[in-house]
Amino acid sequence: MAEHEPHNTQNSRGGGSNPYQGALVAFSLVGQVGLMISLGALLGVFAGLFVDSKLHTTPIATIIGLLLGLAAGIYGVFRLISTFRKAG
Amino acid sequence: MAALGINVWALVTQLIVFGIVLAILWRFAYPALMKTLDQRRDSIREGLENAEKSRRELADAEQRVAAMLDEARQEAQRTIAQATTAAQHVREEIEQQAQDRARDIMAQAERRIQQEIAKARADLRQQVADLAIMAAGKVVGASLDTETNRRLASEVVAQSAARDGLS
Amino acid sequence: MLWNLPGIHVPADPLYPGAPPFLTNTFLLTIVGSILIIALMLFVGRNPKQVPGKLQNLVEWVFEQFLNLCEQVAGPERGRKFFPWVLTIFLFVLFANWWEVIPGIETIGFKSTDTALSPACAHVGSQGFLLFGQYSNCITPFFRPPSTDLNFTIALSIVTVVMTQVYGFVVLGFRLQIGRYLVFNQGIMGFIVGLFELLLEAMRLISLSFRLFGNLFAGDVLLVVISFISIGVGAIPFYFLEIFVGFIQAFVFAFLTLLFFTLGTTPHGHEAHEEEHLAETAHAEHERVASALAGAKLEEAHAQ
Chain A
1 MAEHEPHNTQ
11 NSRGGGSNPY
21 QGALVAFSLV
31 GQVGLMISLG
41 ALLGVFAGLF
51 VDSKLHTTPI
61 ATIIGLLLGL
71 AAGIYGVFRL
81 ISTFRKAG
Chain B
1001 MAALGINVWA
1011 LVTQLIVFGI
1021 VLAILWRFAY
1031 PALMKTLDQR
1041 RDSIREGLEN
1051 AEKSRRELAD
1061 AEQRVAAMLD
1071 EARQEAQRTI
1081 AQATTAAQHV
1091 REEIEQQAQD
1101 RARDIMAQAE
1111 RRIQQEIAKA
1121 RADLRQQVAD
1131 LAIMAAGKVV
1141 GASLDTETNR
1151 RLASEVVAQS
1161 AARDGLS
Chain C
2001 MLWNLPGIHV
2011 PADPLYPGAP
2021 PFLTNTFLLT
2031 IVGSILIIAL
2041 MLFVGRNPKQ
2051 VPGKLQNLVE
2061 WVFEQFLNLC
2071 EQVAGPERGR
2081 KFFPWVLTIF
2091 LFVLFANWWE
2101 VIPGIETIGF
2111 KSTDTALSPA
2121 CAHVGSQGFL
2131 LFGQYSNCIT
2141 PFFRPPSTDL
2151 NFTIALSIVT
2161 VVMTQVYGFV
2171 VLGFRLQIGR
2181 YLVFNQGIMG
2191 FIVGLFELLL
2201 EAMRLISLSF
2211 RLFGNLFAGD
2221 VLLVVISFIS
2231 IGVGAIPFYF
2241 LEIFVGFIQA
2251 FVFAFLTLLF
2261 FTLGTTPHGH
2271 EAHEEEHLAE
2281 TAHAEHERVA
2291 SALAGAKLEE
2301 AHAQ
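Protein chains in written order, with the working numbering: chain A, 1 to 88; chain B, 1001 to 1167; chain C, 2001 to 2304.
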């Protein structure tokens, strides 16, 4: 196993040797997850509004922007969690 | 941007300050701390290993002691058993000897008694023969006391003794 | 009214009227904090005692906790590489945050004649050096916690995001790192995911900087307002809360930095490649066995 994945030699990833550290890690992740999704949506909406104001296509670009932004946020969350997913 | 107070100058100076702090800590503080920490980790691991080793050794020694005690106990038991059987043997031997000796003594005593009896009988026979000759001499005269007569008298006495069951 | 609500505004104030744009009251505390950090770490790091004192114990404990965290999240090798960044960011942010609860921060400063604070401030020049009543908020503070200044938080976020890129290029190489953002060989979905990755970097920058700024600025305002409402006494529990928040936010910033570094140096779609590789080896093995079997049969036929 260790030969295939030199970066993943320890199986207790991010769990932390002491429980407070684990709690802090969990807190950081939860905060970041929420922020990622809302920030993604927000950026998407702003981009959409800007495009709409230029092309006079309200509200098509805004809606697309919102959806794309949300998707990006969720993708970001997925990427964030993927480090810890392997440990199971 | 101005409402949020973001300006490039402030940004860059903050970056520079952070860079300086990072460089100084990285160069001068972290290696020393890392060394201390690694040393401590090593010594802790060593201590654990030592403790494990001495624990194993203690268990070993205890096992050895137990084995030795066991051995000694068995040895003692064997010795006691040997001693008991030896004593038994000795006793039997002594008994045997005593019995033998007793038998010998009895046999000797019997032989002596027989000898005494035989001797007494022979004496008695002699005396009876003498008496008989003396008596016969008294009765017949003094000429009777010859060799032939003495022999004759003895034969008579012997015959009578045999008849009376004295022999 | 005993005193006025102090002025609340987002941008940091210049240290003195007409100061260069970087010389703000938050910058001053950044410098002081940096000197404190360096002094502390050098003092503890350079004279390790065999039997550590309380201070050395604390510093070494924090040091060890972060080293463990780095090694667990990024693996022993990369963990040690990332560790100086993570710990320095933690200390830097922690010291920046905790200024918030030191008395005198934001209450000592130059008199300000800015009438936006209070109409009376125009005449503050006639007051002594202690300001009361309607003049009480006519102040430009000398000190303000650095993390309540966006310049500080954005600078640190830039450090994180840029270093993620640097480590990405160093560890993965140019091709893999660029291939993370510009994906042309996996159809339209692959291309969009690549763009998402690019967008993520921006989102990380914004989320890191604004979370720290938001938490600390809000905490600062909270303390000021509660002190104002309750004449100081009611704010005491909130001081403890802010100590806690300051610590948490410093940890969050450092931990996310570590996480971004780790993600940035892990090849994209690594697990998928791994499976592919396994499948390939399995296939090759299968063929090798099959050909060996065929060879054996051939030999058998010859023997007969």
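No lab work stands behind these hints: they were computed from the structure. Glycine included, each C-beta is placed from N, C-alpha and C at the ideal position. Be aware that a few hints might be false.
Short derived list, chain C residues pointing at chain B, Cβ under 10 Å [what the hints assert, rightly or not]: (1) V2010; (2) F2022; (3) N2185.
Hint check:
1. V2010: 5 Å, holds
2. F2022: 4 Å, holds
3. N2185: 37 Å, violated
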